[in-house]
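Produce the entire structure from the sequences given, and follow the hints as far as they go.
In case you want the letters, here they are:
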Amino acid sequence: MNRDRFETVVSACSQKLFNYLLRMVRSREDAEDLLQEVFSAFYEKMPKVDEEYYESYLYRTAHNKAINLIKKRSRNTELEMPELLESSDLVFDPEKRMREEKNAKVRQAIGKLNEREASALNLQYYDNKSYQEIAEIMHSTVSAVDSLLIRAKRKLKQYLSQDFARGDV
Amino acid sequence: MKCEEIRSKLNAYLDGELKDMDTVRRHLDQCEQCRHELAELSSVNDFLSQYEEEPVPQVAIARILAIPQGKIARSLGWFARLSIALTAAAAFFLGVVMSGDMASRSATQYTDITLGTETLYSFDMGGGK
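Those protein sequence lines, which keep their order, are chains B and E. Positions 1 to 169 (the numbering used here) are the ones given, in order, by the first sequence. Positions 1001 to 1129 (the numbering used here) are the ones given, in order, by the second sequence.
It is worth saying that the hints were derived from the structure and are not from the lab. Please read all numbers here as calculations on a predicted model, not as lab measurements. Incorrect hints may appear among the rest.
With a straight-line Cα cutoff of 27 Å, these simulated DSSO-like cross-link-like pairs (lysine-lysine) come out [claimed, not checked]:
1) B:112 <-> B:65
2) E:1019 <-> B:155
3) B:155 <-> E:1002
4) B:155 <-> E:1009
Take a look, some chain B residues computed to stay more than 12 Å from chain E by CB distance [as the list claims (entries may be wrong)]:
5) 53
6) 67
7) 71
8) 72
Here a beta-carbon is modelled for each residue, glycine too, at the ideal position from N, C-alpha and C.
Here it is, written out as structure tokens:
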């Protein structure tokens, strides 16, 4: 049954996709909205997609939606990157607060990359995708993904060395 | 291989994506500068590893799990509209037939069902003399 299968996929993939989107768009509200859009698109396409390509379809949709939102923000200054606000429970829960502080630093560093570099890095490092899988998700080639990742790591290295020098990291 | 060429492969080496790992490994054994470059790339990975996955808020999960209901409701809405239209059309036909039956039971054998000025259907009412 479609609905049962849908729920299984949501349970298996929602956390990874949410965190991918969160690192990309750096706003919980936007990440939640995009996650819903991704699964809504997936539910409609599900009968036509082979089960082995479910995850790939989900990541491709998430990647496209994140890139579109980031481009839209850069075109429209009113939609500028919102600051990640801590909810009240994060403030009072020390464990969550510490996690949020670390995560915010990482997201801030990834925010220094352009959207394609950020997506490739997220997919490779956090979602354990191979260069080939990343190329398929991003409609690109393996060598282009390789170049994106090299540039991403070099930029991060430079950013971190500046921050290490300032003692921020 | 020159250092420059090796350095362009170090990230793929670190990610385990290089076909020829041995060539890079042999170079690294002999080249301190490239080893330093590799260590710097590793430190970027160490920094990235600080990120701890966040759970998806329950509200968001609930919204996602409601997607099938929303789609079904939408499709039922369309179906309901069609059903209403068909029922109304059937009622209209039945009404015309009944009134035609009453009026022509003693007059004609055949009755035309009309909508406005257009004749839609003509059939035996079975009531003529």
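Structure-based check of all given hints:
1. Proximity of residue 112 of chain B to residue 65 of chain B is assessed by CA-CA distance (about 19 Å); at most 27 Å being required, the pair is judged to hold.
2. Under the criterion of a C-alpha separation no larger than 27 Å, the hint pairing residue 1019 of chain E with residue 155 of chain B is consistent with the structure, at around 25 Å.
3. For the suggested pair residue 155 of chain B and residue 1002 of chain E, the alpha carbons sit about 23 Å apart, so the restraint of at most 27 Å is met.
4. Simply put, residue 155 of chain B and residue 1009 of chain E have alpha-carbon atoms about 16 Å apart, close enough for the 27 Å limit, and the pair holds.
5. Against chain E, the non-interface label of residue 53 of chain B holds: every CB pair exceeds 12 Å, the least being about 19 Å.
6. Taking the minimum C-beta to C-beta distance to chain E, about 20 Å, the non-interface status of residue 67 of chain B holds against the 12 Å cut.
7. Non-interface call for residue 71 of chain B relative to chain E: holds, since the shortest CB-CB distance, roughly 24 Å, exceeds 12 Å.
8. With a least beta-carbon separation of about 21 Å from chain E, residue 72 of chain B lies farther than 12 Å from that chain, consistent with its non-interface assignment.
When each numbered hint is compared with the structure, no violation occurs for any of them.
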